[in-house]
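Single-letter residue listing:
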Amino acid sequence: MDKKTLDPMLAHTLIQSVATASVEKISSPFVVSRLHSNHIEPHSGENKTITIEDLPAGHHRWDIPESASLTLTFLLNHPHSVTIDLYLTGPHAHVDVAGLVLTDTGTPTLTINQYHLAPDTTSKVLIKGILAGATRAQLRGLVTITDAAIRSTASHYHKVLLLDPSARCTAIPSFAVHHHQVRCNHGAAVGKLAIDQLAYLQSRGIPEPHARHLMTLGFAQEVTERATPEQQAIWHEKIALLTKGA
Amino acid sequence: MNRGLTRDVVIAISETKQEPAWMMEFRLQGLELFEKLPMPTFGPDLSELKFDDLLYYLNPVDRAVSSWDQVPSEIKTTFEQLGVPQAERQYLAGVGAQYESEIVYKRLHEQWASKGVVFADISDGLKDYPELFRRYFGTVIQSSEHKFSALNSAVWSGGSFVYVPPGVHVDMPLQAYFRMNTDRLGQFERTLIIADEGASVHYVEGCSAPVYSAASLHSAVVEVVALANATVRYTTIQNWAPNVYNLVTKRAIAMRNATVAWVDGNFGSKVTMKYPGIVLKEPGAKAEIISIARAHEGQIQDAGGKVIHLAPHTSSTIISKSISARTGSAIYRGLLKVAPGAHDVVSRVRCDALMLDSTCHADAYPTVDIANESVDVGHEASVNCLDEVQLFYVMSRGLSATAAQTMIVTGFIAPLVDALPMEYAVEINRLIAAEMEGSIG
Numbered sequence: 444m445d446k447k448t449l450d451p452m453l454a455h456t457l458i459q460s461v462a463t464a465s466v467e468k469i470s471s472p473f474v475v476s477r478l479h480s481n482h483i484e485p486h487s488g489e490n491k492t493i494t495i496e497d498l499p500a501g502h503h504r505w506d507i508p509e510s511a512s513l514t515l516t517f518l519l520n521h522p523h524s525v526t527i528d529l530y531l532t533g534p535h536a537h538v539d540v541a542g543l544v545l546t547d548t549g550t551p552t553l554t555i556n557q558y559h560l561a562p563d564t565t566s567k568v569l570i571k572g573i574l575a576g577a578t579r580a581q582l583r584g585l586v587t588i589t590d591a592a593i594r595s596t597a598s599h600y601h602k603v604l605l606l607d608p609s610a611r612c613t614a615i616p617s618f619a620v621h622h623h624q625v626r627c628n629h630g631a632a633v634g635k636l637a638i639d640q641l642a643y644l645q646s647r648g649i650p651e652p653h654a655r656h657l658m659t660l661g662f663a664q665e666v667t668e669r670a671t672p673e674q675q676a677i678w679h680e681k682i683a684l685l686t687k688g689a
Numbered sequence: 004m005n006r007g008l009t010r011d012v013v014i015a016i017s018e019t020k021q022e023p024a025w026m027m028e029f030r031l032q033g034l035e036l037f038e039k040l041p042m043p044t045f046g047p048d049l050s051e052l053k054f055d056d057l058l059y060y061l062n063p064v065d066r067a068v069s070s071w072d073q074v075p076s077e078i079k080t081t082f083e084q085l086g087v088p089q090a091e092r093q094y095l096a097g098v099g100a101q102y103e104s105e106i107v108y109k110r111l112h113e114q115w116a117s118k119g120v121v122f123a124d125i126s127d128g129l130k131d132y133p134e135l136f137r138r139y140f141g142t143v144i145q146s147s148e149h150k151f152s153a154l155n156s157a158v159w160s161g162g163s164f165v166y167v168p169p170g171v172h173v174d175m176p177l178q179a180y181f182r183m184n185t186d187r188l189g190q191f192e193r194t195l196i197i198a199d200e201g202a203s204v205h206y207v208e209g210c211s212a213p214v215y216s217a218a219s220l221h222s223a224v225v226e227v228v229a230l231a232n233a234t235v236r237y238t239t240i241q242n243w244a245p246n247v248y249n250l251v252t253k254r255a256i257a258m259r260n261a262t263v264a265w266v267d268g269n270f271g272s273k274v275t276m277k278y279p280g281i282v283l284k285e286p287g288a289k290a291e292i293i294s295i296a297r298a299h300e301g302q303i304q305d306a307g308g309k310v311i312h313l314a315p316h317t318s319s320t321i322i323s324k325s326i327s328a329r330t331g332s333a334i335y336r337g338l339l340k341v342a343p344g345a346h347d348v349v350s351r352v353r354c355d356a357l358m359l360d361s362t363c364h365a366d367a368y369p370t371v372d373i374a375n376e377s378v379d380v381g382h383e384a385s386v387n388c389l390d391e392v393q394l395f396y397v398m399s400r401g402l403s404a405t406a407a408q409t410m411i412v413t414g415f416i417a418p419l420v421d422a423l424p425m426e427y428a429v430e431i432n433r434l435i436a437a438e439m440e441g442s443i444g
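In order, the protein sequences belong to chains L and V. The opening residue of the first sequence carries number 444 in this note's numbering; numbering runs sequentially from there. The opening residue of the second sequence carries number 4 in this note's numbering; numbering runs sequentially from there.
So that you can see chain L by itself, here it is in the shape it has in the complex (with noise of 0.2 Å):
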């Protein structure tokens, strides 16, 4: 599958799900690719790991039953809207979704929904962003803990480095919880490279545009570590494509 070829805005179709070393221990490990993303859902009880190599843009929806779970990676490397929905519909589901934003251009936004909707469910959101140009990115998401989604837990975090003076990025993480007994965390929180850490590694010979990409790269490992290293590749050359031109 040749994703270059495709127009992110018309590519919704092509998710590609991967068999890692820790999928392969679940019960019902999935492996599909050309797939609507609404029909990638796990059934009760069955664990899914899904990584997108580029989110496309739109709208997209994940109904987590009881006691299963989704563990969701992807990148979003396009100046358009994209939508997530997750609703965690039964006993017990769990999402875990670390997505990373790379983009130099326009005024892309991301809004994740996390919605609680039975007891003891949990999720986890990180959204990693690295801006650069002139683009305005805004970052979303709402998390809503109902009042029957009693022993849940959220979080929702966003963590954006900006590469360069025109880049601009706006956070916005919400939460709105009815009921006392959950747990629910949600953060923001953008910058740049840090000065110290740059010299550190320049007064250790490397020179300060590799200091650079070392450090973009290990921003965005929390994200990047869940691809596989054909995907991973591919993501730190975009990467490097993005720190070369700030």
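Read the hints as simulated data drawn from the structure, not as lab findings. Please note that a few of the clues may not be correct.
Taking lysine-lysine and the DSSO-like style, the derived pairs with C-alpha atoms no more than 27 Å apart in a straight line are [unchecked claim]:
no. : chain 1 : residue 1 : chain 2 : residue 2
1   : V       : Lys39     : V       : Lys20
2   : L       : Lys635    : V       : Lys340
3   : V       : Lys39     : V       : Lys273
4   : V       : Lys150    : V       : Lys39
5   : L       : Lys567    : L       : Lys635
6   : V       : Lys20     : V       : Lys53
7   : L       : Lys635    : V       : Lys289
8   : L       : Lys635    : V       : Lys284
9   : L       : Lys635    : L       : Lys687
Following the hints, complete the assembly by docking chain V onto the known chain L.
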């Protein structure tokens, strides 16, 4: 004066106060904007607010409750629990004035006046310091910003005017509580505080005891100007009666190396919408906002803070804590904005919500808007219930369940209490203890 808001009402208010022509014009422009501007499109439902049913100017005599018997029993019970002295109880309930403080106030006033500090009723400020007043009035918060800033501009009455001359440090907090002007409890207060270069002042208003008001809308505007190297701390504790919509706009401007702090405690009212803001306009300015909200019995506390970094090398901290119980809703709504030219900005936002039972509600809607790469900005929020491990630990040391819960909640709001003058801190701890009785589901 009749109910409802008309041009004649606005003119009558201005004439009653014998204001200059420019102020009457300002009020009439406010009225025009109020009629044009829409209601807020976010936040709590305000549809029960009937502007035509409100009285827009109350003489002090009209405002007072004629006898102690008319004060609601819940308010009297809370006075008892807090240990508020009898004279203060009558004053807070609108039955009478707190004459015992008059001598103290007079002595303090003489001290301040000798340093050139002005601490007066806002209307007296307009009369006695017309040039200074006009230079700053309405410059921090525009009438056109939203419907309630326009409303306040049209009908403002009561509030304080404070001016601290260059280099003067006011050691003791200026407390609106001591200012004996009868307009203190106005529905549409307007306060203007100016700290000149190198000056410092701490202004305190409100109190933790419940304030009974016959009026159902409190819509104040507070403007603070901190000039270069000045320090202003503004502490508000509000505990309005449960019939009151408390819709307040507060903002400060901080110039070069100035520091502004809002300490904001919201305990009463039916609905509160209050997001104190600080605009860091010149390099080196610092902002600190501590906001605490307690929501119970159907209350909606929609509070938070806003900081706008317009200049480089500015820093800010926002700490928000909320406690909700018994069908109360606590909402944090905040903004942290860094303008394109504001490099080397550091900011931290922390908001925590504590939910005490299954009937309450907690939301957080923060916005972090960053337009400069050279920043170090972090926002973090959490929602939790009382930690059973902590409760078990405290109870194993011999405390009852209620005492243990009170101790944990008191610890949770410690950032606010630590920032308060001692007498306020004591009252708030008593208020929390009284609230915890039977509040745990």
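To see whether the hints hold, each was checked on the structure:
A threshold of 27 Å between alpha carbons decides the hint, and for V/Lys39 with V/Lys20 the separation of about 26 Å falls inside it, so the pair holds. For the hint pairing L/Lys635 with V/Lys340, the CA-to-CA distance comes to about 16 Å; that is within 27 Å, so the pair holds. Taken as a hint, the V/Lys39 and V/Lys273 pair is honoured in the structure, with Cα atoms around 26 Å apart against an allowance of 27 Å. The straight-line distance between the Cα atoms of V/Lys150 and V/Lys39 is roughly 8 Å, inside the 27 Å bound, and the hint therefore holds.
For the given pair, L/Lys567 sits about 24 Å from L/Lys635 by alpha-carbon distance, which is consistent with the 27 Å threshold. For the suggested pair V/Lys20 and V/Lys53, the alpha carbons sit about 26 Å apart, so the restraint of at most 27 Å is met. Restraint check for L/Lys635 and V/Lys289: the C-alpha separation of about 21 Å stays at or below 27 Å, so the hint holds. The suggested pairing of L/Lys635 with V/Lys284 holds, with an alpha-carbon distance near 23 Å, which does not exceed 27 Å.
Restraint check for L/Lys635 and L/Lys687: satisfied, since their Cα atoms lie roughly 15 Å apart, inside the 27 Å limit.
Consistency with the previously given hints is maintained throughout, with no hint failing.
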